[in-house]
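From just these sequences and the hints, can you work out the full model?
2 protein chains.
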Amino acid sequence: MRFAKITAGGKTTWALVEGDRVTEISGEPFGGWDKTSTKHDLKNVKIELPLMPRTFYCAGLNYAKHVREAANRRGEIPNIPDRAEIGYRAQSALIAHDEDVIIPADATGKIHYEGELVAVIGKKAKYLSEKDALSCVFGYTIGNDVSERTWQKMDRGLWRAKNADTFKPMGPWIETDVDLDAMETTVRLNGKADNHFKTNDMVFSIQQFIAEMTKYFTLWPGDVIWMGTDGSSPDIKAGDVVEIDITGIGTLRNKFVAEKR
Amino acid sequence: MRFAKITAGGKTTWALVEGDRVTEISGEPFGGWDKTSTKHDLKNVKIELPLMPRTFYCAGLNYAKHVREAANRRGEIPNIPDRAEIGYRAQSALIAHDEDVIIPADATGKIHYEGELVAVIGKKAKYLSEKDALSCVFGYTIGNDVSERTWQKMDRGLWRAKNADTFKPMGPWIETDVDLDAMETTVRLNGKADNHFKTNDMVFSIQQFIAEMTKYFTLWPGDVIWMGTDGSSPDIKAGDVVEIDITGIGTLRNKFVAEKR
Chain R
1 MRFAKITAGG KTTWALVEGD RVTEISGEPF GGWDKTSTKH DLKNVKIELP
51 LMPRTFYCAG LNYAKHVREA ANRRGEIPNI PDRAEIGYRA QSALIAHDED
101 VIIPADATGK IHYEGELVAV IGKKAKYLSE KDALSCVFGY TIGNDVSERT
151 WQKMDRGLWR AKNADTFKPM GPWIETDVDL DAMETTVRLN GKADNHFKTN
201 DMVFSIQQFI AEMTKYFTLW PGDVIWMGTD GSSPDIKAGD VVEIDITGIG
251 TLRNKFVAEK R
Chain G
1 MRFAKITAGG KTTWALVEGD RVTEISGEPF GGWDKTSTKH DLKNVKIELP
51 LMPRTFYCAG LNYAKHVREA ANRRGEIPNI PDRAEIGYRA QSALIAHDED
101 VIIPADATGK IHYEGELVAV IGKKAKYLSE KDALSCVFGY TIGNDVSERT
151 WQKMDRGLWR AKNADTFKPM GPWIETDVDL DAMETTVRLN GKADNHFKTN
201 DMVFSIQQFI AEMTKYFTLW PGDVIWMGTD GSSPDIKAGD VVEIDITGIG
251 TLRNKFVAEK R
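Protein chains in written order, with our numbering: chain R, 1 to 261; chain G, 1 to 261.
Calculated from the structure, these hints are not laboratory results. As the structure is a computational prediction, the values presented were derived from the model and not from experiment. You may find that some hints are simply not true.
Computed cross-link-like contacts, SDA-like style, restricted to lysine to any residue with a CA-CA straight-line distance of at most 25 Å [claimed, not checked]:
hint : chain 1 : residue 1 : chain 2 : residue 2
1    : R       : Lys153    : G       : Glu85
2    : R       : Lys126    : G       : Lys260
3    : G       : Lys237    : G       : Thr108
4    : G       : Lys110    : R       : Thr214
Partial list, derived from the structure: chain G residues whose beta carbon lies under 8 Å from chain R [what the hints assert, rightly or not]:
hint : residue
5    : Met52
6    : Pro81
7    : Ile86
8    : Gly87
9    : Tyr88
10   : Gln91
11   : Pro104
12   : Asp155
13   : Trp159
14   : Ala164
15   : Asp165
16   : Phe204
17   : Phe217
18   : Thr218
19   : Trp220
20   : Gly222
Idealized CB from N, CA, C, for every residue including glycine.
Structure representation (structure tokens):
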């Protein structure tokens, strides 16, 4: 099933997406819900951010090719992580499908996309084994971990490099029925394929991350885990449109525009 | 004024604290609110976590003595930050006043406290000047940035070192009327003064942080900014009680206990 947060007729609500039709539901996808009699054409509703996560987790370097290409760019030896160590991103940076990524006025030209699979937690969980890890995952969505590489290099942390307002598009919806091993991630820049990788070809799997994280953290419904990206991005300019397509989920599309101050 | 989130008679609500009495309020402190006729003795209510922040900001190295002592411990040259660069902590780690900090079963003996002033944002804000920065601050509370120093040293990031479940006590309440320059932070270990510093003697002030942050981030009501700590902590053991006292706010008290698995 495919759950979207939508606004239609001035009202924001959860809805079930079936083909190009949406049906509003009462309740929450993680808890009890029922279909209502209110339906819309998908093209007539605004797709909202699916949710504001309680904790916003993000796997850092989790695809070998991305680690090698990033190291090469910096003239360093690639250092593939040997443990599944999770990081964080900021809720303040999240925007929805089709909302604009604003390139800050003082950013350099080094704005990059990162197409990522996002696991959405549906159940409170701690101490999960790898075998049971996916039992707490409700479904999957798509994230674009937009990055300003000059800031990433010069700052002490990833604060503005990864978390400037609008730098975290997420959506368009949450899909509960997926085949992880069949997934492919395709990134299109202005309609043209720019990057392509097997989505589940990770250094550490979702199961390994959840097992490691839940040794120390309680996961809560609505938490999200962004799983990292492969390959690398060209420099994105104002006016560019980035689409991230993951098999079985859909397409997250966002235009990049220059900040006006 | 002093706003606490309390549970009394099975009901969790905001309340106004006046001396040793609390009065339940309707609404939210950041928006409109009214006193109700329901009052309690402070000692008869459970103090809850004041709020779950939308984004949980934390200034890293923000007191000169703490930076020097941490560098000395590691045998490194102290490196005082030259810019106000913010970091993040995890919502999942927050607990309330008087709740127990659980020392993870596989933690080493290097558990430390960090007593911190916490600014609580009350208004949506972007592009604030230093002069106007405090206009978005609703009030102040206290945080204990509990840290596992071995993990902090050996891990790629601060994930479990700073964010293990229960590692972020915050409270007991939000005080709106403070004199920043008159504040002193005193940390007591098992009732005995262990650390003392001028709270506002920061490398970068709250105003400087907010001005720098709001160049890139929109602050939202309920966001919190932990302002860092001075000095250093001895190793904390199961059974220890840490109290952090900040002039004009109150005392955040938490017992440390060993995880049972």
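Verification of the hints:
1. R:Lys153 x G:Glu85: Answer holds: R:Lys153 to G:Glu85 is near 13 Å, not above 25 Å.
2. R:Lys126 x G:Lys260: 14 Å, holds
3. G:Lys237 x G:Thr108: 10 Å, holds
4. G:Lys110 x R:Thr214: 21 Å, holds
5. Met52: 7 Å, holds
6. Pro81: This interface hint holds because 7 Å falls under the 8 Å limit.
7. Ile86: Check passed: Cβ of G:Ile86 comes within 5 Å of chain R, closer than 8 Å.
8. Gly87: Holds: closest Cβ of chain R sits about 5 Å from G:Gly87, inside 8 Å.
9. Tyr88: 5 Å, holds
10. Gln91: 5 Å, holds
11. Pro104: G:Pro104 check passes; min Cβ-Cβ to chain R is 6 Å, inside 8 Å.
12. Asp155: Status holds, d = 6 Å.
13. Trp159: Holds: closest Cβ of chain R sits about 5 Å from G:Trp159, inside 8 Å.
14. Ala164: 4 Å, holds
15. Asp165: 5 Å, holds
16. Phe204: 12 Å, violated
17. Phe217: 5 Å, holds
18. Thr218: For G:Thr218, the interface hint holds, since the closest Cβ of chain R sits about 5 Å away, which is under 8 Å.
19. Trp220: At about 7 Å, which falls below the 8 Å cut-off, the nearest Cβ of chain R leaves the hint on G:Trp220 intact, so it holds.
20. Gly222: 10 Å, violated
The structure does not agree with the numbered hints 16, 20 stated previously, though it agrees with the rest.
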